[in-house]
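Combine both chains into one complex, guided by the hints.
Going line by line, the protein sequences match chains A and B.
Letter by letter, the first sequence follows residues 1 to 295 of my numbering.
Letter by letter, the second sequence follows residues 1 to 120 of my numbering.
It is possible that some hints are incorrect.
Simulated crosslink set (DSS-like; lysine-lysine; CA at most 27 angstroms straight-line) [to be verified]: (1) Lys-90/B x Lys-291/A; (2) Lys-291/A x Lys-76/B; (3) Lys-291/A x Lys-194/A; (4) Lys-76/B x Lys-99/B; (5) Lys-90/B x Lys-76/B; (6) Lys-90/B x Lys-194/A; (7) Lys-76/B x Lys-194/A.
These are calculated hints, taken from the structure and not from any lab test.
Please read all numbers here as calculations on a predicted model, not as lab measurements.
Given next are the chains, with one letter for each unit.
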Amino acid sequence: MAASVSLKQLTELSTALADLTAAAAASLVSVRSRRTRSSGFVWQDGLIVTADDALPDEDDLTVVLAGGETVPARIAGRDASTDIALLRVERAGLAPAPLATAAVRAGSLAVAVGCEDGTATVAFGAIARVAGPWRSLRGGEIDARIEFDGRLRRSGEGGLAIGVDGAAIGMAVFGPRRRVLVIPAATIARVAPKLASDGRIRRGYLGLGLHTVALDDERSAAMVMSVDASGPGAAAGVRQGDIITAWDGQPVAAVQALLRLLGPDSVGRTVRLALRRAGEPTEVALTVAEKPVSG
Amino acid sequence: MKADRDPIRLLLDRTAGGPGERLAELLAGVPGLRLVAAGEAADMAIVPLPAADNGIALTPRERDVLTLLAEGASNKAIARRLGISVHTAKFHVGSLIDKLDAVGRTDAVAQAARLGVIHL
Numbered sequence: 001m002a003a004s005v006s007l008k009q010l011t012e013l014s015t016a017l018a019d020l021t022a023a024a025a026a027s028l029v030s031v032r033s034r035r036t037r038s039s040g041f042v043w044q045d046g047l048i049v050t051a052d053d054a055l056p057d058e059d060d061l062t063v064v065l066a067g068g069e070t071v072p073a074r075i076a077g078r079d080a081s082t083d084i085a086l087l088r089v090e091r092a093g094l095a096p097a098p099l100a101t102a103a104v105r106a107g108s109l110a111v112a113v114g115c116e117d118g119t120a121t122v123a124f125g126a127i128a129r130v131a132g133p134w135r136s137l138r139g140g141e142i143d144a145r146i147e148f149d150g151r152l153r154r155s156g157e158g159g160l161a162i163g164v165d166g167a168a169i170g171m172a173v174f175g176p177r178r179r180v181l182v183i184p185a186a187t188i189a190r191v192a193p194k195l196a197s198d199g200r201i202r203r204g205y206l207g208l209g210l211h212t213v214a215l216d217d218e219r220s221a222a223m224v225m226s227v228d229a230s231g232p233g234a235a236a237g238v239r240q241g242d243i244i245t246a247w248d249g250q251p252v253a254a255v256q257a258l259l260r261l262l263g264p265d266s267v268g269r270t271v272r273l274a275l276r277r278a279g280e281p282t283e284v285a286l287t288v289a290e291k292p293v294s295g
Numbered sequence: 001m002k003a004d005r006d007p008i009r010l011l012l013d014r015t016a017g018g019p020g021e022r023l024a025e026l027l028a029g030v031p032g033l034r035l036v037a038a039g040e041a042a043d044m045a046i047v048p049l050p051a052a053d054n055g056i057a058l059t060p061r062e063r064d065v066l067t068l069l070a071e072g073a074s075n076k077a078i079a080r081r082l083g084i085s086v087h088t089a090k091f092h093v094g095s096l097i098d099k100l101d102a103v104g105r106t107d108a109v110a111q112a113a114r115l116g117v118i119h120l
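Next up, chain B with everything else stripped away, as it sits in the complex (with noise of 0.2 angstroms):
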């Protein structure tokens, strides 16, 4: 079948000093592919997952819980802001705590002020 021969287009999100901008130069010249740039028709697409460049996934709770940590908030603090439980506040920073610890990044504040806004 013809339409199996056809390359497939893969769309890569190449921005300068990326995942997407190394994944190019390894698949170049791969055959039966060919790399299309942004705003060109593509069959598949591979773009960075949100929280990739972290090597941390975190749940959009915990995200909430993170931001509120790195401004200093106690649980009690948290707990009444996000209108959750001060155990459940306790759940989530301890969950937290160890997905930092686990890539050795314990630096809430800079973590948090990569995914969003800090008030100081």
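So that you can see chain A by itself, here it is in the shape it has in the complex (with noise of 0.2 angstroms):
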């Protein structure tokens, strides 16, 4: 092969890599409590975006701007179930992260730029893999699987992984075994605005304990095995032992096929739960409580 990639050509990628993380610096911050360090980046003027797993309990937060400037920072909403968390600071003329509305493929190259005490930090690598929409281990829903194989460090947890366009592919965040995960732009634009909105992600509330059951006619469905006297399952009559076997005329295989049901836009929704009580079909009317916040 006569091709060989030069002095030359080596310096151009080096500068145009170093280019790129100066370009994105300018929206990161470093994101700090008493006891953790990581990063965010600007969503909008005022909001911060940075990684739930990240940040500690208590609302005792300061962010660190480019630059260096300190300013103190207040928890606006988070959904642990995506790992996305929203920090308002009042402070404006704050240039956003430009989010990515392109697909990224599996191959490419990207940096995970993070943020300490106001300056960069990068990872550098290649993204590892991409696949469809998944589920996380709390029911989030994200909208893709990207994998990241550089080395983040921990202050980096909540900053942004960069394509070569200058585009933010999405939020790096920890997965299993360390490995970098990377949060979709996508995902954080369907979050983040309800997160500003209404502090949370809303969950549709049973008031049911619920366990995946066989039927004798090879099929299975969610058995109630205890029912929360002031929720809206007793209110609509629902007993210990009733099997839930549809969700308005939907079957229900299981009680994860319930959890999926039990998005935010099932909220004060009323559906018909067909169950199976004492062997016999029966039919309740419930409405769709919100889940209570349980911190």
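Dropping the structure here:
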């Protein structure tokens, strides 16, 4: 093969990466509490997106902006299921990070840019894996499974993974075995506005303790093991021992099917639950409540 | 010694479709071994491990954490419900994520629903 990489090409690549980092750094911040150090980025003026998992309980945060200015921040909303938290700072004129709209491809080069005391930190690597939508351990819907093979430092959690076109692929966070996952820009674009308006991602609540059981006809369904006496299930007349077989005519084969149906839009809706009670089919109308905030 | 030549009476959990049923087929006809059904006298028993069908061995504490994760609880909520520190809750969550990822079963809800009750 005639082609070989010249020093000039390497220098150009190096310069391009440094330029990319410098451009991104303007939108990155460090997020600090008494015990934690992580990164975040400007989502909109006055609003910072960061990794929920890296945040402490207490609302005693400061943000160090690019350039070193320290400002107090308070938590505007957090969603553990997608690992997205939103912070509000009383400071105008911040430059939002450009979020990518195009799909990223495996094998693309990327940098993960974080921030430590107002200066950029960088990990360089490739997008190691891109797959379809997935559900996090806590039931959050993430628009794509994106993994980055660079070595992210602890304080870089909550920073941005940026493609060579300068657009942010998403937020860099830690996954299993400290692998770096990217929470896609599309997920941030969906979740952050809800956190800004509501402070949380609402979840539907039935007030029922459920367990997946096999039915005698080889199907499966969700059995009611316990009933919250003040919950919507009790109000609808659901009893312990009932087996939920369908939701608005849609078969319920397992407890996780119900969890999927209890998204933000389910709150306040009245649904028809098909039940099997003592072997006989019956039906109740249940109005879904909002799951109580549990810290 | 005659006692040595008595067949070993082995009790197997032969639930249809389970590993015990397959094991019974494999062991059928093995000299010196007699498979017995539940209720008969046996010298030894092979029973499935509680979580063996998941391929994941979880500690009792991890099971508690898994159930709460499936309900969408934050680390803080898990800590409060179980009376442990947030730091400890985070540690358990991390080890659960690693274990589930290792066997490619990252759907906590599916796992938790098989093991116990989920409050929705």
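Hints and how they fare:
1. Lys-90/B x Lys-291/A: holds, 22 angstroms
2. Lys-291/A x Lys-76/B: Cα-Cα ~16 angstroms, so holds.
3. Lys-291/A x Lys-194/A: Distance of about 16 angstroms is within 27 angstroms: holds.
4. Lys-76/B x Lys-99/B: Distance ~21 angstroms between Lys-76/B and Lys-99/B Cα, so the pair holds.
5. Lys-90/B x Lys-76/B: holds, 9 angstroms
6. Lys-90/B x Lys-194/A: Cα-Cα ~25 angstroms, so holds.
7. Lys-76/B x Lys-194/A: The given pair, whose Cα atoms are some 21 angstroms apart, holds under the 27 angstroms limit.
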